[in-house]
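S.K.: With chain A fixed as given, assemble chain B onto it according to the hints.
Protein chains: 2
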Amino acid sequence: MRILIDMDDVMADAVERFFDWYERDFGVRYTKADIYGKKLYDIVPDANKPIVKSYAHQPGFFKDLPVIDHAKETIEKLNKLHEIYIVSAAMEFKYSFTDKYEWLDEHFPFIHWKNRIFCGNKHLVKGDVLIDDHDFNLSTFPGRAIVFSSPHNMLLTGYERMNGWQEAKLFFDDLE
Amino acid sequence: MRILIDMDDVMADAVERFFDWYERDFGVRYTKADIYGKKLYDIVPDANKPIVKSYAHQPGFFKDLPVIDHAKETIEKLNKLHEIYIVSAAMEFKYSFTDKYEWLDEHFPFIHWKNRIFCGNKHLVKGDVLIDDHDFNLSTFPGRAIVFSSPHNMLLTGYERMNGWQEAKLFFDDLE
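Chains as they are written, first to last, in the working numbering: chain A, 1 to 176; chain B, 1 to 176.
Same shape as in the complex, but just chain A (with noise of 0.2 Å):
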C-alpha cells in the first residue's frame, strides 16, 4: 500500500512557530485552544494578518520545526510495512526547501530521497492513503483521505479523522 504523508502539521508543528513569530512580533502568545476550527490569520486584528500571512514565506519559517507527537517511530513502523512518500506542498514557499529537507534529513533519515516529493497541487501524486490536514488535498484525492487533526481542521466533516498519531493503530491493521 502506498501511503502519502503530509508535512506541516501532520509531520512537523508549524502551528506553534505561527504563535513564536507572532509573540516575537507583537507580544501576545496565542494557543491551539484559540484558534479551533480557525487559522491564527483568522483571529488576529487586521492590521496584523498581512504581517501573519507573510510568516511562511519568510526564511526560516521551516527550518528546525517541532515534530508532531509520535510521528517519528509510528512513521518509522509504517514504512517497513507500506510504501511511504511524503508529499509537502513547498512549492508555495520558495524558501521553505532546504530547511524542509534538512529537517527530514534529521527527523526521518529513514525516507528515501526518492520518497519525498515537493509539489504545488497533489491531485496528480498516486497514492492509496493520503494523511494531510487540508481539505484542498484530500478533497481531490482519489484514493483513502485521512484528516489529521489540526487546530484549522477540527470542524471538517467528510473524512476519515486520525487525532494524533498514537491512533494510527486504528486505521492500519497490520500496525498492531
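Among the clues, some could well be false.
A pair holds if it fits inside one copy or across any two, identical chains being indistinguishable in the list.
With a straight-line cut-off of 25 Å between C-alpha atoms, the simulated DSS-like cross-links for lysine-lysine are [what the hints assert, rightly or not]:
| no. | residue 1 | residue 2 |
| --- | --- | --- |
| 1 | Lys94 | Lys126 |
| 2 | Lys63 | Lys94 |
| 3 | Lys114 | Lys63 |
| 4 | Lys38 | Lys49 |
| 5 | Lys39 | Lys114 |
| 6 | Lys39 | Lys53 |
| 7 | Lys49 | Lys114 |
| 8 | Lys169 | Lys94 |
| 9 | Lys126 | Lys114 |
| 10 | Lys77 | Lys39 |
| 11 | Lys53 | Lys38 |
| 12 | Lys53 | Lys32 |
| 13 | Lys53 | Lys114 |
| 14 | Lys169 | Lys38 |
Everything labelled a hint here was simulated from the structure, so no lab data went into it.
M.R.: Relative to chain A, chain B alone:
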C-alpha cells in the same frame, strides 16, 4: 492533456555545466560530440570519475544553467494549450532546489508554482505525456513517453524521440 516535462537536459543544459567544471578542474574541454551515447563520467580517466560524480551534488551546479534552444517559446506555447507540469528529480541533489526554482522563475515565469514538482521517483506522478532524457524515468511511465535527445541517450531505442524543441510540432498537432 497533461504534459510532464523534465528539467535537466530537456529545459536546462546541464551537460555544458559538466564540461565547464571539468575544464576548470582538469584543464580539458570536452564537447557533446565526445560523449555520443555516453556520459562525461564514462570517458574521463578513472582517477577523475569520483570528482565528476560529485559535481551535481555541489552547491551552485544548477545555478544559471543555459536554457536549451527553443525550450522557452515552445513550452510557453504548449502551456497555453495544455496542462504543463515541470517534474524534476531534484531530490537527489539537496543543493539544487533553490537554484532550480529561481531558474524557473527567471526563464519560465509562466509556470505557476502549482505546476512544479521536485521529486525522487517520477513513477507516481500522473500525466498523459512525459518528455524526459532518462530511460529510467521513461520506462516506468504509463503514458506516452518521449525521449528528449541528449548525448547520453542517443543510442536508446524503444521511445518516440524529440530532437530538440523545434521538433515539438511533430508531436503536438495543435502546436502548428
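S.K.: State for each hint whether it applies.
M.R.: Status of the hints after comparison with the structure:
1. Taking the shortest Cα distances, lysine 94 and lysine 126 sit within 25 Å of each other both inside one copy (24 Å) and across copies (24 Å).
2. Both within a single protomer and between protomers do lysine 63 and lysine 94 lie at most 25 Å apart by alpha-carbon distance, with minima of 13 Å and 15 Å respectively.
3. For a Cα distance limit of 25 Å, the shortest separation of lysine 114 from lysine 63 qualifies both inside one copy, at 22 Å, and across copies, at 22 Å.
4. Taking identical chains as interchangeable, the C-alpha atoms of lysine 38 and lysine 49 lie at most 25 Å apart only when both belong to the same chain, with a minimum of 14 Å there against 55 Å between chains.
5. For the identical chains of this complex, lysine 39 and lysine 114 are inter-copy neighbours only, at 22 Å across copies versus 32 Å inside a copy, given an alpha-carbon limit of 25 Å.
6. Taking identical chains as interchangeable, the C-alpha atoms of lysine 39 and lysine 53 lie at most 25 Å apart only when both belong to the same chain, with a minimum of 10 Å there against 46 Å between chains.
7. Taking the shortest alpha-carbon separations for lysine 49 and lysine 114, only the inter-copy value of 24 Å comes in at or below 25 Å, while the best intra-copy value is 37 Å.
8. Taking the closest pair of Cα atoms, lysine 169 and lysine 94 never come within 25 Å of each other, the shortest separation being 35 Å inside a single copy and 33 Å across copies.
9. For the homomeric pair lysine 126 and lysine 114, the shortest alpha-carbon distances inside one copy (14 Å) and between copies (16 Å) are both at most 25 Å.
10. Proximity of lysine 77 to lysine 39 under the C-alpha cut-off of 25 Å is found in neither arrangement, the shortest distances being 31 Å within a copy and 39 Å between copies.
11. Proximity of lysine 53 to lysine 38 under the C-alpha cut-off of 25 Å is restricted to the intra-copy arrangement: shortest distance 14 Å within a copy versus 49 Å between copies.
12. In this assembly of identical chains, the alpha carbons of lysine 53 and lysine 32 lie at most 25 Å apart only when taken from the same copy (18 Å versus 48 Å across copies).
13. Proximity of lysine 53 to lysine 114 under the C-alpha cut-off of 25 Å is restricted to the inter-copy arrangement: shortest distance 18 Å between copies versus 32 Å within a copy.
14. In this homomeric assembly, lysine 169 and lysine 38 never come within 25 Å of each other (Cα to Cα): the closest approach is 28 Å inside a single copy and 49 Å across copies.
Consistency note: the structure conflicts with the earlier hints numbered 8, 10, 14.
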